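**Q** Based on the provided sequences and hints, a complete structural model is requested.
As you go down the protein sequences, you meet chains H and G in turn.
At position 226 of the first sequence the residue is numbered 226 (our numbering), and the sequence of numbers has no breaks.
So the mapping is simple: our numbering equals the position in the second sequence, first residue as 1, plus 1000.
These are computed hints drawn from the structure, not numbers from a lab.
Note that the coordinates shown come from a computational prediction; the quantities given were computed from them, not determined experimentally.
Worth double-checking, as some hints may not be accurate.
To be verified - Stretches of chain H that chain G covers, calculated by requiring three or more beta carbons in the stretch to come under 8 Å of a beta carbon on chain G: (1) 189 to 199; (2) 219 to 230; (3) 379 to 386; (4) 525 to 536.
What the hints assert, rightly or not - Only part of the chain G face toward chain H is listed, based on derived beta-carbon distances under 10 Å: (5) Y1429; (6) M1697; (7) G1797.
Stated by the list, open to error - Ranges between beta-carbon positions, derived for each pair: (8) G:P1721 <-> H:I305: 50 to 58 Å; (9) H:E670 <-> G:V1203: 29 to 37 Å; (10) G:D1548 <-> H:V728: 52 to 60 Å; (11) H:K270 <-> G:G1698: 56 to 64 Å; (12) G:Q1437 <-> H:I305: 36 to 44 Å; (13) H:G333 <-> G:Q1437: 48 to 56 Å.
Note that beta-carbon positions come from the ideal geometry of N, C-alpha and C, so glycine has one too.
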Amino acid sequence: MSKFFMICTALGCLFAASAVEAASPRLDHLQPQGGQRGTEVAVTLIGGRIGQDPQQILFYDPGIELKAIERIDDNQAKATLAIAPDCQPGIHGIRVRTATGLTNLRTFHVGTLPESTESEPNGDFAAPQAIPLGTTVNGVITNEDVDYFVIEAKEGERISVEVEGLRLGRTFFDPAIAILDEERFEVAASDDSPLMQQDAFCSVIAPKTGKYIIEMRETSYRGNDASTYRLHIGKFPRPGVAFPGGGKPGEEVELKLLGDPLGEKLAKVKLPETPPLDFRFAAEDEAGAAATGLPLRIIDATNVIEVEPNQKVDNATRGELPAAFCGVIEKPGDLDRYRFAAKKGEVWEMNLVAREIRSPLDAILRVRKASGEQLAASDDNAGKPDSYIRFTVPEDGEYVCDVVDHLKQGGPTYAYRLEITKPRLAVDIVLEERSQFEATEVVVPQGGQTAVMVTANRAEFGGELNVGFSALPDGVTQETVVLAADYNRLPVLLKATPEAALAGQLTTITAELTDKSQPLLNRFRQQTWLIRGSNNVNVWSHYAKGAVAVAQPLPFAIKIVQPKAPLVQSGSKELRVVAEKKEGFDGRIAVRMLYDPPGLSSHQGIGIEAGQTEAVIPLTTNPQAWARDWKIIVVAEADVNGTVRTASEFATLKIAPQYVTMAYPTTATEQGKGLDYAIAVTQTTPFSGAAKVELVGLPPGVTTTPQEITKDSTEVKFPLQVAADARVGHHKSLYCVVTVVENGEPVVHTIGTGELRIDAPLPPPQTAQEGIPATGESS
Amino acid sequence: MKIFRFVLSFGLLICANHFALAKTSSAPGETPAGKPEVVADVASLAVYPSEIVLEDGDDYQGVIAVATRANGVTLDVSDQVEWVVEGSARLEGNRLLPVADGATVLRASYGTHQAEAPVKVVGVTNHPAVSFRHDVMPIFLRGGCNAGGCHGSSRGKDGFRLSLFGFDPAGDYFRLTREQAVRRVNLSIPEESLLFTKVTGKVPHTGGKTFEPDSVHAKTLRDWVAAGAQSDVATAPTVTKVELFPPRVVMEGEGAKQRFIAVAHYSDGRTRDVGDLALFMSNNESSAAIDADGLATAGARGEAFVMARFDTHTVGSQTLVLPAGVEFKPTGEAPANYIDELVGAKLRTMRINPSGICTDEEFLRRVSVDVVGRLPTRDEYDVFMNDSNPQKRAQKVDELLERKEFAEIWALKWSELLMVKSVPNRIEYKPMFLYSQWITRQIASGVPLDEMVRNLLGASGGSFSSPAVNFYQIEETTQKTAENVAQVFLGTRLQCAQCHNHPFDRWTMDDYYSFTAFFSQIGRKTAEDYRETIIFDQRSGEATHLVDGRAMKPKFLGDAEPDVSKRDRRAVLADWITAPENPYFAVNVANRVWAHFMGVGVIEPVDDVRVSNPASNPDLHAKLGAKLIEYKYDLRQLVRDICNSHAYQRSSEPNETNSTDTRNFARAQVRRIPAEVLLDCLCAVTGAPEKYPGLPMGARAVQIVDGGLSTYFLTTFGRAPRTTVCACEPKTEPTLSQALHLLNGSAVHDKINEGKLVETMLDAGKNPIEVVEEIYLRCLGRKPTEMESQRIAELYGTAEKPVAELQDVFWAVLNSREFLFNK
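**A** Dropping the structure here:
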């Protein structure tokens, strides 16, 4: 290699490094992680490579605007966010887009109170940190840490305390709070709550005018530097549940806010026409606004509010299906009953929604005939406390549903909705994770392409589907395939023109029947795993729409060399992949199949090494591989100051049945005695020319030579040379590798299996003589 | 041959019935001429059984007469008394036989003393057939045939299996009569049955000859086969009770003898002399050995519990053996409370005198370590020693009981019993933390123990929101849960009865599975937080019997079958356990408390209550339980009684009479301080606190929540691993590694250096003498003796600040037994 070339290469690398600055930016956390609505907040964004040309923040929910974003250093950026005064308090998902990529999703938390920061030392009950009643404190609970804050409240005033800890999504942090009076008596305490899961809240009336100390700690005095919290302390209303917990799209519902110490309050809310993924209502009154909202359901069924007493089959609250029967298990041991008419053969989905609207009720749902005979019952469903019954009506008549608490508990906030609706034709769409527990970021390089896998599971219907992204940034197009009726996964290829602007776009993935014969309910949401427990149990996740970004071009592209011959079942093939490396880039490019069709396995560890432009990916199939034409894609990853990804264009891989079948005889021979091993051949797919046949799996000491067959062969015969020390025994795994050549490409079959028995020769007959052992070995 | 037979039958007669020949032999207390010599100081005479019923023509009843002397010693005078019986019954030897239907009285006279027993005779014309259930089965137990080493082994022996200790009569009948046709039982030629030929040694038998061919047992077996080898398993009345007479024996002098008789009571109201069939045992062979026929012989001074086992019942009699001719003068000490009265009464019977009362210094250190797990501070020492109030000990007890550390000590004890411990991938730390807090809160706030147990056993809900349910989270299997409940709250070990009837207790497999039925309906499900489990009553699920798969109805141990149709079975059980009438709970809890303070329980081990492990002082045992009930299960009040008793406050120095006694509380037991408390004491005296995971600096070892967390020190010194509910888990036995750790390890040396106590005191102007005194007071709760001071002074000579020397003194004191033990 000439010196000149080497210098050029080195320069090229430098150039490449500056042109493609930093791929795969990460957003680890935000500092602070929230702000008061109606204010502008400067937030430090912290994460690998995030400071390298940050350009945009994608906000998943309305109400926050990016005023400015600038680099602090490579791994930090400063963003100025303007939070609208009417911004919905609570969790807001965000992603940051840099010139080269899109970060993972993190949450920003909008509060309603002025913000403050804890200042240590505040761990002594006797010397707490003083704050005004009406503050959101940003703090951290390190190991064995306890933080105390003191407020002043007047008798009769509402003191509400809510902590966001686990919900900040940073670490498995389980906060506990308490409101204590000056004598250290507990006025209220909370560890976990149905509304907030591991987070906690208290809302009480101050029993007397004076000082109150708020204790903030980890439940079992554990914690670490990532155990940050936002502690909202104020007079705001903090109800536990909104009753009836939902309504129809576009409907204005009157909500009873349950669990407020000042008594039940009413509030009206207009439900959106198009339900968002997570619709919440944040309580607000003259004393303030709650820091987070209460979840509401939006479904197309009329609310039927329970009329007590409804404990008996006869006095059950009546309604007409479809309906959302809404009630409260008001006291321990309470039972609510609902009655409705249904016709034979009808199918109804009965969803008992309680914990989903964060009610403490852990319901048991039972369906019975009006005569009292029980037909079905459900306690928990799909690992969650809410109940579900798919009810097929056995005969025309009246039916009754019972609702009780699992532990026979009850209380004023034990609200629920029994939603009985017709099953809907629906598709559950998932953007598959590239690696487990990592939500896939979709980043398309300018003038390049990327590919993702989508799973679409059909509920209540079958048929071919068109699946694709609903919205894409300008200059980005998608290519995909029709999703066959018998399959649920498909690749989507996204391409950006070289001129496409660097941009980010929120989007969803939709599916419809190819014949558009029936409308389908599309259920798409992308899960961001924020906190996992032991064994990777999901503890806290955020669900949101998808996002697609256009990023700077990559210094390489790849393509599949279109195979000219099929891959047969129980066969193997080498898929050639070619890279186009731009000048200055010669890193390793890892290549692998975007997905393996059923029955196919591909090698995952192949790379186009430095100095190379080509690689082959070995593919193998099992006998059950689905024989059809598959649209395949190869994806490529390389380290260009961070991981970048691209994909090939579609290629077609035909998986076909084997061309020949073989019938193996079971044969025996002796050590040292050769034989001809003849295998019957039946042709199923004619081929031209001669195919090479190798017999594999022979035991040590047995050799043969490859043979050939043509389309007319009915037998292939292998002369076996059996050595005198060939291994004795049954050798059951003989098989043939048949290589047919089609369009100049090998079509490799593996066809088995045969059995060869090798015996030791019988000993020569002996006559025992005196003094000489009968084995004859003594001489 | 004839002679041989004669000798043989003679021998057998001796074996089978001593009474027949007793009059011709030379029994103690009898002159060679045969005339009974009446012992002068006899105070009373008794005849056993006190009521006799003979119910068929073959029935009989052995009788004994027992005289009690003024000093409490009992004498077996069966052969010395003059027996008189007329009419319906007659006496053959000491065996009463029926003559005719009717009633009469058996009279015994001994000197001026008389005793009698009414006798009723019915059905003399009846001669019942041999019963498989009541005649044949007991022979297997008596002969050892169904013992674990023989045919009772789960795989049988030499191809033949019997149920262990006869837990499965139906199965035994099947195997005898059906498993191998005609071989084991030959109806045509009964003598050819293997059952007969094997036990009599006619054919080779690994177990040898078990009975002579003409023995009563061999005859029973043959008669049963001859009568058609019928089974009466399903119809036979059950044994409801077995009595052993005499109920209490005090033997004086080695070689003294006492005959015992066993009487079985059946569910049909009949009684029967089962002296031939019962298995006699003694729990202390060296004091009172008992032979196969119930004749006990006194050995060394001590106490034994002589037992008879018949069917599933084991009953026993307390047997004291006193040395003959010892002069005993009881000390005239006034009892402090009921404890001393009962302890004293027992000691007087044993002719033991208690040690004296310990010094104030000893008391202060002892009571501080026992009640609050801490050594007295210098201030506490000074205040107590300078207090001249005669009530100061009682006041000190009251003061200590109010301290938080008292609750922590008992929370630790309960946490050990309840196995509070996180287990990777099964039990998370948080529920254990909450559980531990719950336990501490219960004790700190004085929740009565019965209420705490009801809250625990009847708990439903989430393991976070209702931490008591963790009891069912830690142990998930139904059977182990039942076993744990029996062991922790009733002090009874049921484990054996899972697979066979308990060999040394009354519990049968029926009892076991009926008891587990209380826990067969526990439902569990994971809450929203995967770390939390919800325990609930799922109102379905039964306990099935291992042998025949029967669904067993819940039944209290040794008590009734309650109505559980409308309630959580566990709550029903909790009510029974904590009811004042319950014979196990209060006494067991009280005994555990007693054992904590006295080093040994009245029943020991405290969680192995069984017929064959009786209380060393039954009256005291009962009284402690009764007092706990009277105090409404207030732990503190019982502790107050114990700590204020002389029994607790005795010196550990033995005297002549009590040097060998360890079970009667005649002196204080020297006890190794438990691991957690010892480490806390070490930290406190050196001023060098430990850091435990999950607890702030300075937190004490007794506060560690999680049994899974330990330190080298705690493990070495026997911290309970909390893997079982056994009270034996915390170990206080000394080991070599403990000694090495203290001598060479980091614990003592580093702590002395870290705490810098010697330097601090010297810098504060204390002279070496004062420093030594301070070290002694902190560690041992006393001042150095003259000699100790003198010897130590030689070490540092005239140096003003002999830091190294004084550290050595400190090290030596911490390594002394006096520091490690509570004496």
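**Q** Are the hints correct? Go through all of them and say.
**A** Verification of the supplied hints:
1. 189 to 199: holds (count 5)
2. 219 to 230: holds (count 4)
3. 379 to 386: The restraint on the region 379 to 386 of chain H holds, since 5 of its residues have a Cβ under 8 Å from chain G and three suffice.
4. 525 to 536: holds (count 3)
5. Y1429: Where the cut-off is 10 Å and the nearest Cβ of chain H is about 6 Å from Y1429 of chain G, the hint holds.
6. M1697: holds, 8 Å
7. G1797: violated, 47 Å
8. G:P1721 <-> H:I305: 50 to 58 Å: holds, 56 Å
9. H:E670 <-> G:V1203: 29 to 37 Å: The hint (29 to 37 Å, Cβ to Cβ) is violated, given that E670 of chain H and V1203 of chain G are roughly 56 Å apart.
10. G:D1548 <-> H:V728: 52 to 60 Å: holds, 54 Å
11. H:K270 <-> G:G1698: 56 to 64 Å: About 57 Å separates the Cβ atoms of K270 of chain H and G1698 of chain G, which means 56 to 64 Å holds.
12. G:Q1437 <-> H:I305: 36 to 44 Å: holds, 41 Å
13. H:G333 <-> G:Q1437: 48 to 56 Å: violated, 29 Å
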